[in-house]
Amino acid sequence: MSDKPITYSPDCKYTETHEWARQEGDLIVVGISDYAQNQLGDIVFVEMPPIGDTVQAGKAFSVIESVKAASDIYAPVSGTVAATNADVVNDPALVNQDAFGAGWLVKIRPSQPGEMDKLLDATAYQQKVEAGELK
Amino acid sequence: MTIVANKPEPIVYELGAPGRVGAVLPECDVPLTPLPAHLTREELPLPQVAEVDVVRHFTRLSQKNYCVDLGIYPLGSCTMKYNPKINEEAAKLDGFTALHPYQDPADAPGALQLMYELQEMLGEICGLPGVTLQPAAGAQGELTGILILHAYHRSRGETQRHKVLVPDSAHGTNPASSAMSGYQVVQVKSDARGNVDLDELRRLADHETVGLMLTNPNTLGLFEEHIREVCQIIHDVGGLVYGDGANLNALVGIARPGDLGIDVLHSNLHKTFAVPHGGGGPGAGAVLVRRDLAQFLPAPVVVKKGKQYAFATPKKSIGRVKSFYGNFLALVRAYVYLRLLGKEHLARVAEDAVINANYLLARLRNTYHAPFGDRRCKHEFVLTGTPFVEKYGVHTLDIAKRIQDYGFHPPTIYFPLTVPECLMIEPTETQSKESLDEFADALLAIAQEAAANPQILKDAPHTAPVTRLDDVKAAREPVLGYHS
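Residue numbers (the numbering used here), protein chains in the order written: chain W, 699 to 833; chain C, 53 to 536.
Bound-form chain C, shown alone (with noise of 0.2 Å):
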């Protein structure tokens, strides 16, 4: 960190001076054809400032950024591991980024290759062959996947389903994405071991189920015990078992989501599969279907016909859920980075990523409260903070909060809402012992502050370019927009 890195940055309207630019522009050389006047206006509020301050600006701003490339980035669920470079270098060429979507797809037969090993690949490590590189997202693959519900449903018949079943230990976006598809959510209880409860789970289900929605490893970061039951008892209603594939970095190259008994999962490249995110670019959020599912896909998907690979739409396509071909940059970085690591080493990922996250459980239960410490977590694990509360009246937030003065981002905090004071850590398999020990020590040195003085933790952070920021005051009383 440099000085400059705490001072305010002004906005960059803030910056430069009147009439100053960043280029100057040659005399016109061919005849002007002026605009109507209607269209054209005296004011153009732009920021004038030259290419020095743009630099200087981004880069103060950048400086006062917290990045995967510094270090450990533990947000629980969504899996903020280190991106290798060679990603950016692959989709960087000119190949890729020179591509029009409109062109015709038989001049782009490398784009369309890559498509289809992709969908063949992603099919391969979840055991389930239908693929759509379409949705943006996490949150728009859900909303994809059930539309794909709907219209199995609806192509048999069974229009009287409108209850989708999401566990209480489920992502957000499960509820959300049902109600979004006009469906009625009914939330199922989790027992006392984290697993979805199974009675609880027979009793909601019945002819009126869409299906379920499983997040698994779910947001305990805990592997449902009895998936093969929870996904029979859904099958014997006639619904279908939607999973949440945000936390496939625990499974892939181990166990495939399809072989459990999942009939359509999204699974977030941007998240398993090294492509950037948080800020770091567009995400992808592919859909992945059991066989018989693969003629409701979105159009197109990537076919293969001899040696040519080309656009079709599948039989009873739902049609488009996004412009074009997804956000297809996204696709390249996934598919380098699951073409350098190979079937050989993909279960190393999962594997690790289970190892880091059990390695620092182990580090942190004697002090902080594991309410399910008993059982081995996945990729992930929860905390809570409640005996910090109730001794020393210091808050999971202010944890948090301190935890930036140790120089980490903070972990997801106050999710999943079924553990009070939740504190949900994701470490990644892309930390070394020595960066997953940093934190563990830091997190137990804060432990030892509460105790000793818990004002510290309460006006945390002390070292950031901001401290605490009145998060109550900036969402009850929103600014949306700069005015000078």
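Okay, chain W solo, but in the shape it has when bound (with noise of 0.2 Å):
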């Protein structure tokens, strides 16, 4: 776990389960939010769903693993595997190193618009986050 201050990078949207979600074109980039690496600790393992399979808001689709726990990824939006991030399959560190960046999981054609605007914004989730209201 390190020790560097947690970042919210402002031009994503987040779920209270901390993935977080940014609009590219016709798709959304998911992953999770810094404050849930470091929360989880050394990432080892980063399972991806198929391309092509569909998802749904809230619900679990993929599976992240660390020396301390596993835990399920919840879809910020429903829709469709668009594409996946395969660098971080081969080195999850990618997840601790750069969040909001290299560490992208997968990107969802969104089927239900609307979706995103019911997320979190970076300001008010940083706030449930500090108030310790998200577990």
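The hints are all genuine.
The calculated label-pair distances, taken between Cβ atoms and stated as ranges, are: (1) C:G533 <-> W:P748: 26 to 32 Å; (2) C:P334 <-> W:E714: 38 to 44 Å; (3) W:G830 <-> C:D493: 28 to 34 Å; (4) C:Y65 <-> W:E831: 50 to 56 Å.
It is worth saying that the hints were derived from the structure and are not from the lab.
All values reported here derive from a predicted model rather than from experimental measurement.
Note that beta-carbon positions come from the ideal geometry of N, C-alpha and C, so glycine has one too.
Join the two chains into one complex using the hints; note that each chain is given alone, in its own frame.
And the structure:
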């Protein structure tokens, strides 16, 4: 676990289960927040869904494992998996090093417009994390 | 400890010399029949060692090991109690070790009587009269229990039930067992006092609920204060309550899970009932059910007809969950342990386990933050090392590693997941006050070291046979075989 200060990327939306989602063209890029990677500690394994899989907002679509725990990853929005990050499968430490950049997990082609608007913005997410409201 | 204990020990394949053997066999006195060529090979890489090489190798390994016979082993939720040696004596009796699982059960009435009486004793202790001794350990007991829940609902035509509720303070195997059974796992949050959040439970429980998997006392070491209400909420929607009996050590002889409203329970005989575990031998995870669920138990169970004992298949049995009759010699140990305690002394187990845990908590809570320190704990408790992270950059992992330098096994760490930087400590009833004080003194000394010289914690352990292992590299690039 790193003692670096936690960052909250302002151009992402967040779930209460610590995923981030960022619009890139037609797709939504998804990863786990810097806070989440810090809590998990050194990540050793990421299981990716098959491309083309249907995901549903709020439902688990993947598993991430650290030396301390295994956690489900929940989809921030519904849709189909358009791409997965092979670099992270080969080097899970990327999630620890750059959660919002090189450590992205999947790209989702959204099927329900408007779901992004229901997510938390960076300020609201940071407030909830710091108030200890999210586990 | 002797000097050799800290030298690196080669693996057995690296010992010995070509052609060295431990025994010389006599000439074969019957005609040889060669094996077919396709079944033979020239090279067979077995260790080539003499008896003395083997004995010294394993003796040296044992000197590097830590065990309950050396000192406190405070792994939370593992109940690493001292296991009386008389249990081993009984398990070595020829009448038990020479049994063959295929022999006629009528030839082994003593073994059947032991199993029957163990079923009866466990049923009485837990207030749940239907008992199977088959499951090999706790997690298999959970799977067995969930299969019984499944069989129960199916027998009532309620096939719409597909959700298992699991509190976030449950053992990690609970959601795993539910998922393995094909059910959807729904997590239930804890409230501020560490109990199941009743409002959340009411909101989540419905006609699709298979049941609730409840660990009580939970992994925070806290007794569920609303246990009857929790069970009632599940029963009201037609679900069943599965009790994870891994923490039964806090309850034996005091409270019976069946009386609290639990319908199905597993009991880790290798925790509560003094069967060695943690590398010390196979476990046993008896499953206990209320009377009307006994018809679903795995087959066979032992029944008594007049003065005779026999195997029987329950009417709607879910079938076998393990070959033969479970880990029989583990059952022998649990039986001897219970017979020696007797019902007169069983409550002392739970009383002393709870007193020991509360004594340690009282000695530590002003130095280490105890998130639920205002409540009496049961047989175990949790501390958080968060203040040490903030003040000195020292993590719970560093504290746990440093404990080894003081000659103790570390407690469970980073579990439960709901408590950051968690230390989960379970002393068990088999520690004297001196032993508890030595352990508390070590943790208090480590807290002072964290302030004065945090680096000594970060580099720990210093005196163990191996120093800090790279568990991240081991997990990311596992090497699972030996290649010379």
